[in-house]
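Asker: Here is how the chains run, residue by residue.
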Amino acid sequence: DAGITQSPRHKVTETGTPVTLRCHQTENHRYMYWYRQDPGHGLRLIHYSYGVKDTDKGEVSDGYSVSRSKTEDFLLTLESATSSQTSVYFCAISDRGNEQFFGPGTRLTVL
Amino acid sequence: DQQVKQNSPSLSVQEGRISILNCDYTNSMFDYFLWYKKYPAEGPTFLISISSIKDKNEDGRFTVFLNKSAKHLSLHIVPSQPGDSAVYFCAASAIGYGNKLVFGAGTILRVKS
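For the record, the sequence lines run as chains A and B. Position 52 (the first sequence) corresponds to 52 in this note's numbering; numbering is contiguous. Position 64 (the second sequence) corresponds to 64 in this note's numbering; numbering is contiguous.
Among the hints, a few may not be true.
Counterexamples of contact, computed for chain B against chain A with all Cβ distances above 10 Å [to be verified]:
id: 1; residue: Asn22
id: 2; residue: Ser49
id: 3; residue: Asp59
id: 4; residue: Lys68
id: 5; residue: Ser69
id: 6; residue: His76
Derived DSS-like pairs (lysine-lysine); straight-line CA-CA distance at most 27 Å [unchecked claim]:
id: 7; chain 1: B; residue 1: Lys71; chain 2: B; residue 2: Lys100
id: 8; chain 1: B; residue 1: Lys37; chain 2: A; residue 2: Lys57
id: 9; chain 1: B; residue 1: Lys100; chain 2: B; residue 2: Lys68
id: 10; chain 1: B; residue 1: Lys100; chain 2: A; residue 2: Lys57
id: 11; chain 1: A; residue 1: Lys11; chain 2: B; residue 2: Lys37
id: 12; chain 1: B; residue 1: Lys112; chain 2: B; residue 2: Lys100
id: 13; chain 1: B; residue 1: Lys5; chain 2: A; residue 2: Lys57
id: 14; chain 1: B; residue 1: Lys71; chain 2: A; residue 2: Lys70
id: 15; chain 1: A; residue 1: Lys11; chain 2: A; residue 2: Lys70
id: 16; chain 1: B; residue 1: Lys100; chain 2: A; residue 2: Lys53
Derived by calculation from the structure, the hints in this document are not laboratory data. None of these values were measured; they are calculated from a predicted model. Here a beta-carbon is modelled for each residue, glycine too, at the ideal position from N, C-alpha and C.
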């Protein structure tokens, strides 16, 4: 298995609070991605990174920001969490941009 | 507008029989297709892929077929085993699409013993 960890694995927070999710890889892969998984929607791309300090928006980026200051870490921040951001969040990494390898996920509940 | 569609939310198959999961896409620029398998409380795991220059790719019990003219691909699992029970996601990518994947909504496969 690719070396990807996500933290925290579970989080419950209140509407309006900031939340940061962390993805850490030990594979030295260039590309990193954040997805959310919701019933009926599959996996939807939030943001992705193609190198240190190089990021771009995905399909559902509103309300989310990301940062990548080191190859191994990719942070996803919800500046002011809303109930619609309750979801399971997955980080993925890729070396060549085709096959992506996923982390174990973070279950986020916004009350 | 869903570019990758998995129209069957669920599929139930008897152990030992064939499971066929289907996927349709609308973007003719897609040139690489992947299937992922996901168990509850785990991340998706890569299963098998196919390039648009091929129409079939096999890996053990898993075969993916690609019909470019119909913009359709399918995953065949033979024989199906109870451990294959999971959610299966189809995904597609395109050269120049920024190394991103577009996923379908997933199909829940239940293999009954």
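Asker: The structure should be examined with respect to each hint, and the outcome stated for every one.
Answerer: Okay, the hints, checked on the actual structure:
{"no.": "1", "hint": "Asn22", "in the structure": "14 Å, holds"}
{"no.": "2", "hint": "Ser49", "in the structure": "7 Å, violated"}
{"no.": "3", "hint": "Asp59", "in the structure": "13 Å, holds"}
{"no.": "4", "hint": "Lys68", "in the structure": "18 Å, holds"}
{"no.": "5", "hint": "Ser69", "in the structure": "23 Å, holds"}
{"no.": "6", "hint": "His76", "in the structure": "20 Å, holds"}
{"no.": "7", "hint": "Lys71/B with Lys100/B", "in the structure": "19 Å, holds"}
{"no.": "8", "hint": "Lys37/B with Lys57/A", "in the structure": "25 Å, holds"}
{"no.": "9", "hint": "Lys100/B with Lys68/B", "in the structure": "20 Å, holds"}
{"no.": "10", "hint": "Lys100/B with Lys57/A", "in the structure": "11 Å, holds"}
{"no.": "11", "hint": "Lys11/A with Lys37/B", "in the structure": "25 Å, holds"}
{"no.": "12", "hint": "Lys112/B with Lys100/B", "in the structure": "35 Å, violated"}
{"no.": "13", "hint": "Lys5/B with Lys57/A", "in the structure": "22 Å, holds"}
{"no.": "14", "hint": "Lys71/B with Lys70/A", "in the structure": "39 Å, violated"}
{"no.": "15", "hint": "Lys11/A with Lys70/A", "in the structure": "24 Å, holds"}
{"no.": "16", "hint": "Lys100/B with Lys53/A", "in the structure": "18 Å, holds"}
The structure does not agree with the numbered hints 2, 12, 14 stated previously, though it agrees with the rest.
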